[in-house]
Amino acid sequence: MATLFSLQYPASMPDKQRYRDSREFMDLLLKGVKVPRMVGTQAVRITSFGPAQQEELLRDHFGRVWQLRAWSLGFADAYIVTLALPTPDGYVGMQTIAPSFLLDPIKETLGFVADYLYLSYSGSLTQWRAFLDRRELRPAVFDRFKLQYEPDKRVRLESPRVQLDSAGLMSLGARSSLDLQMTYMLDHGRLIWDVGGITLRQDRDKGTFVAAYRQANPAEDAGRGPRERWEHMTKHNGDFSGTAQHDNEFKNFWVRTVAGGVGPSASASDPGSRALYEVVYNTDNAILPRQFDDIQSKLAQDLKITE
Amino acid sequence: MSIAQARPGARLQAGLLFALACPAVHAATYSLPPPPRFDTVPQLDEALDQLRKMSWALYSDALAQADSRGRTIAQDVNQWLLSPDHEERLAALRARAQSQSAAADSAALQATLGEAATRVQQERCFAAVLAGYWRYRELLARHEARLQALKERLPQDEPAARQRRIAPLVMRWAGALTAAMSADSLSAEEVAVEELTRTTEQLFSAYNEERGELASSLSTQERAQGKAPLTQTRQTPCQEPHPQTSGSPKPRLAVNNRALEEVYPASSKHALFEGRTVIDASVSANGCAEQAAVYQSSGVEELDDAALRWTLQAHFLPGERDHQAVTGVVRFAVKFVLSAPLSYQGWSP
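Residue numbers (this note's numbering), protein chains in the order written: chain X, 1 to 307; chain S, 1 to 349.
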């Protein structure tokens, strides 16, 4: 049995050494995971194990790089084992305690389970920049992902499928965040794992964001819902009319539209490779209609689908 | 064919064509909001927030079709409501008021807030004028649709003649809107709104008159073609026989009939449709309308229908021959005229 965990570091403090420091990692984990040692009749909580005694990198079938670490619990003839995936804002992973004689099978089991863990990648823009710089720890899919961040000004994202420039859309700062949703997709008939959704938030705790979500052409025998949604997307009507909307209180404003459909995927011989992007801009800033219209115009220019 | 208009209480003469009218007051309204007063910066903030909400409410109004200028309400809102320079001035006043409030300079603060109130009032007036213009524009589109439908049924119509009456008014109306939205002071705004009001009133009158004339021609044409008129036949028992006769062979309307206002369809009133329907009523010897037929349509089916219904419920004095009450047919006009100033139900600032 393993415990799933998520560690989040402060958004404004990227630390290149952090992901290499197994002591700091475990000390932080022990603040949330209680591991006691019996001293006489008293259970004393352990606050540090020091550096890991065993450490190796493990690559799952998505190409994600996990850090497999083990610390000896000499007093119990066991190991505490973690399999942790570095993310921009920290880690997600699994932790378990393995009797010494089962250490290797348990490490293998954790590696097996890693293939079944799905997650989105989130973090501040500073964290993302640092994450992308840690080449040995980032998934291979990010090799072709570029991020240029000019603090307090703009961010430019570029992947083989999407380009986004935030300059006209929102001001960015230390509280801004970027979320990438990963998904399986068909690429020229080949099943790949790639970025399927991008959400750039002005403030991670507020409602101003721009998002692009990839939508593949549903199969002919797909349900009515996905087929109708695809129809609306191709015709730019229904929910995807590109009309500015707001709530009844005039506090939240949004527009939903569609991008793509003109690149290579549009003419792909395999219909399953055809893709459109649902594009959403939402804001809870006090904004006037003409300012929102300006943003809509810029959205059309600053978000480009290149597949 | 001569038509006498009758007001309530006026004596109706037998043998004539009558017109029944509601008391007529016919004026368009663009009601301007009362001026605001701010004593504190938060009150100004609240008013600015309200202005922003007003802009959105108008911007996202369902009236998406372009008007005669080729513009949509969203374009008008973007150009005229809280325009960048107005917004900048209000922001500067707000910043000044904030610093004066922090410095406890109440005299200067009140002066600044007073200036801000004037600017806020101007924006509110702009919003009220735009709201009114576009609501009336939506109603005029319905009038235009009726006119178009009649025109299609009347091939010999001369649209050029009609354009001579309506087209200049439409242009004047658009010009009056631009003047009202470009006024640089509240007094100039009031003058411009008066002109806008006059033009709106004239435009609705022109449409109502034009439609009436077309409908009249169409009725004549259809009669010549032998087409059966719109008719309603009594389905309920007659009222008590009237003790008097008209004193002539032709029946006539009694004076104690219910007010037309009671049958004026609400949807027609809302759309500012006025009209005159000429009715032929077949009146029995006991003063009861057995059947009513539209001799001349108003061009609005629901007004014609209301006129027929009113007729079947009306009291008549039967015709008389040789001192005996006799059956007969009387022709009269039922005129639906709005009794209240033109106004619209809906959002207003």
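By construction, these hints were calculated from the structure, which means they are not laboratory data. In this text, a Cβ means the ideal position worked out from N, Cα and C, and glycines have one as well. Possibly wrong hints are sitting among the right ones.
Stated by the list, open to error - A partial selection of chain S residues facing chain X, derived with a Cβ cut-off under 8 angstroms:
1. 52
2. 53
3. 59
4. 78
5. 175
Cross-check of the supplied hints:
no. : hint : in the structure
1   : 52   : holds, 6 angstroms
2   : 53   : holds, 4 angstroms
3   : 59   : holds, 4 angstroms
4   : 78   : holds, 4 angstroms
5   : 175  : violated, 23 angstroms
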